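Student: One letter stands for each residue in the lines below.
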Amino acid sequence: MLAEHLKIIGVVVGTIGIFTLLANAIPQVQSEVPLDVSFGADVSASELTASGELLFGSAGGCTACHGLGTRAPNLLTGNGGDGPIGVRCNNRVPGESCKEYLYLAMVDPNVYMVEGYSPIMPDMRRSLSNDQIWALVAYLEAQGGEVTVTGADINQGREDSASSASTATVDNGVAAPASSATDPVDILNGNACLGCHILNGTGAPIGPSFDGIGSRLTADYIRESILDPGAGASEGFEASLGLMPAIYGNQLTAQQLENVVMFLANRR
Amino acid sequence: MSILLDLREKKTSLNSKQNGGRSLLWAAVAVCGIVSQFVMPDFLLAQGSEAMRQYGDFPLVGSRVAIWVAAQVHLLFAAFVLGVPMFAVVAEAVGIFGGDSKYDKLAKEFTRLLLVAYSATAIWGAILSFLLVTLYPGLWLYLVEIFQVSMWVYVSLFFFESFTLYLYYYGWDLWSKGRAKLVHWTLGILLNVWGTAVMFIANSWLTYMMSPPADVTPDTAPGMVQFWSAFANATWMPINIHRIIANVVFGGAIVGAYAAYRFLVAKTDEERAHYDWMGYIGNLIAIGALIILPFAGYYLGREIYEFNQQMGITMMGGFMSWLWIIQAFLIGVLFLAGNYYLWVGMGRIPGAERFTPYTKWMLVVLVLGVMVWATPNTMIADREEIAAMGGTHHPFLGVLGVMSAKNTAVNLMILTTFLSFLLYRRANSRPTVTWARTATIVQVALFVISTFVVLFYGVWGYFVPAITRIGFSVYQVLAVLATIIGVITIDVFMLRGAESRGDIRWGQMPARSQYALFILAVTFTWLMGLMGFARSGIRQHWHVWEVMRDTSEQAATPALGYAAIVISGCVLIFFALVSFIFWLGGLAEKGTKVLSDTAKVEARPGVSQ
Chain A
1 MLAEHLKIIG VVVGTIGIFT LLANAIPQVQ SEVPLDVSFG ADVSASELTA SGELLFGSAG
61 GCTACHGLGT RAPNLLTGNG GDGPIGVRCN NRVPGESCKE YLYLAMVDPN VYMVEGYSPI
121 MPDMRRSLSN DQIWALVAYL EAQGGEVTVT GADINQGRED SASSASTATV DNGVAAPASS
181 ATDPVDILNG NACLGCHILN GTGAPIGPSF DGIGSRLTAD YIRESILDPG AGASEGFEAS
241 LGLMPAIYGN QLTAQQLENV VMFLANRR
Chain B
1 MSILLDLREK KTSLNSKQNG GRSLLWAAVA VCGIVSQFVM PDFLLAQGSE AMRQYGDFPL
61 VGSRVAIWVA AQVHLLFAAF VLGVPMFAVV AEAVGIFGGD SKYDKLAKEF TRLLLVAYSA
121 TAIWGAILSF LLVTLYPGLW LYLVEIFQVS MWVYVSLFFF ESFTLYLYYY GWDLWSKGRA
181 KLVHWTLGIL LNVWGTAVMF IANSWLTYMM SPPADVTPDT APGMVQFWSA FANATWMPIN
241 IHRIIANVVF GGAIVGAYAA YRFLVAKTDE ERAHYDWMGY IGNLIAIGAL IILPFAGYYL
301 GREIYEFNQQ MGITMMGGFM SWLWIIQAFL IGVLFLAGNY YLWVGMGRIP GAERFTPYTK
361 WMLVVLVLGV MVWATPNTMI ADREEIAAMG GTHHPFLGVL GVMSAKNTAV NLMILTTFLS
421 FLLYRRANSR PTVTWARTAT IVQVALFVIS TFVVLFYGVW GYFVPAITRI GFSVYQVLAV
481 LATIIGVITI DVFMLRGAES RGDIRWGQMP ARSQYALFIL AVTFTWLMGL MGFARSGIRQ
541 HWHVWEVMRD TSEQAATPAL GYAAIVISGC VLIFFALVSF IFWLGGLAEK GTKVLSDTAK
601 VEARPGVSQ
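If you read the sequences in order, they're chains A and B. Mapping to this note's numbering: the first sequence position 19 is 19, numbers consecutive. Mapping to this note's numbering: the second sequence position 515 is 515, numbers consecutive.
Simulated from the structure, these hints should not be mistaken for lab results. Keep in mind it's a predicted model, so treat the numbers as computed, not measured. There are no misleading hints in this set.
Simulated coverage check for chain A against chain B, where a stretch passes if three residues somewhere in it have a Cβ under 8 Å from a Cβ of chain B:
no., stretch
1, 11 to 17
2, 29 to 38
3, 118 to 131
Take a look, some chain A residues computed to stay more than 12 Å from chain B by CB distance:
no., residue
4, Ser44
5, Asp82
6, Gly151
Ideal Cβ placement from N, Cα and C applies to all residues, glycine included.
Between the sequences and the hints, there should be enough to build the whole structure, so can you do that?
Tutor: Below is the structure:
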């Protein structure tokens, strides 16, 4: 009887031991907490780059997508022969400097979609501070390019953040609404709607075009689609169902919502 | 850190003579539970949020491990006490409506295990609550502010659940005939209703931490969060469904291990036969439910992606990517052990030898399936590693590590396991219906068609975009499910009135088959710990995702090796305790048997004391 009990204990402990050993034999990756960083006006490029590298490789979570090249462009290696991100960022959007482009790509990632990829990147302000985002910008600039981020950029970013926090009626950490704007086009632009919809031929065709939308949909349907975008998909856009966040009911004032709804309903 | 605030207590013994001490324990646990849920938050509120500390410290292992172990062990017991009533009530129904009393006895034995495990669930629930209040008071207060109404309902449901359980078990022999038996069975159903409601409520708290409503921000005061939107959050129902099925799997596996133990230490052939049969039923339940568990897992994963792509990517391709390789290995062990048990078990079935040649081919499919499923794909790699590999994916393994290959592998493994069950079921039967041959051909055709569908979409998946490829998994799953339902329906009708090729020789099982049941139980338990780590770990350094940040010293989410050590500790604690309480249950059984034997002697004519 004792031998039988020992055998049972051996099987149980042995099985647990094998699983434990196996889990310890694979590469060990810990999810770090983003280090709180605060840079002064005279911060150096090397300080920024070092902080950015740490964030990029661990707590920023960037490598989960950008380290592969399948979910998002690989930023460290050449993407289709264009070179690393520090080389190609200057040419991505005419008129925008590398750091402007990279900063915008992190705080409003759907504005400039790289062809062939889905709009899956979140607004990094939800998880990283202003200083951390600028540190990442500096690190990415350093990948084949020159670091141009300065203490002044970081300070300006802080002021913008404080300003947007004070004017936003609800701070979801996503792109702030166009404050008290009542012009529907301003509201659409301020809420990054053209990141996924087309208006006057401008924007991305991820969701239904706003051009001619009034001839296809009623005002009630448009209102419901804004307030509860997961309720259903427009024909031809079933694959995009779930991409639009259900935040605009809180983010827009009632007046802004109605202005947008009526504007779209009249676009026949 | 699975924060399941599941406090299960307040049981009052109906038999005060036997359970006087236990009643006292329940009373203490009940009082503690109520204090923790109602008094403590008020006390904390009175301190003011400014003065209140956010975190406590736990000696030696730290707060994180302390709460992790308490939550995990509590969850394991809770899963057992929620899973067992589901198949106990089904077994009782088979006994009632099928007229086979051995199923009724089996259901009662299941419930006796449930009774003793219930105590441990309550104790660990109390430990978890107190650790949460003392080690994470800020988080606790936050959750209470949002969920206090559901906590009151939760506590109330304990009373219903506890008393229903006691009535169900202690009324078993009293209400064993006619309408009274149906009333008793209804109690079993009611027990499941209460238990499921309790689990759903607790699930809302932990899923809120994963997927709070989009309009809740770090600046939202908890009192302003709308209760129902927090309660019925994005991952609530997927977790509910996943846990219901997983509880059945887990309950079946633990029952199987219990039966295996009793089989190995049995002293009589009768006892051995009974526990052999019980082990078979436990394995049948566990593997049967395991077959559909991946589908619930897909649903949960999909909802996580729908809620937040970043969270989904962190889970599948971020720092947790290797976790799924370990998971694949564990599930491979489950499939192999479950099938091995069935194949060995066919040795005690007359007529099963005609299926023996197929075993090796099923083994080949299972092993290949495990190998494909465990092939890494999207690993985090730095520049040097990418250069060494010659690209972001391994030149050969990268092809097998993609979702198309893995979906194909797992669906074929499910079909193979189902085939094992079918052969086991058919082994000692000879159908007598005239259409048996046609039906068998149809069954074979269903297997062939579903295999073709699975392979076809698996290959085609390589040539289409990801979004289309994801949709293919639905067709693969539907093909497999349709085959399972179609084949088993045909089989049920075909084997009605079938001739037997000989009685199953229950009890004539080699000991090695019983160790397979132990491996199944241990692997399921470890897998639950691993999945608990995955579900909780994807929040990373957030108590409530992107709403309430974990600012404690142990906010970083540990690597898998560290997590594995904690999980193993939890599993060892669970098995040590479950062995102890089953041993206690065995003592009670012996006591009952002695009393029963004494009663028989007293009743015998001519024998008097």
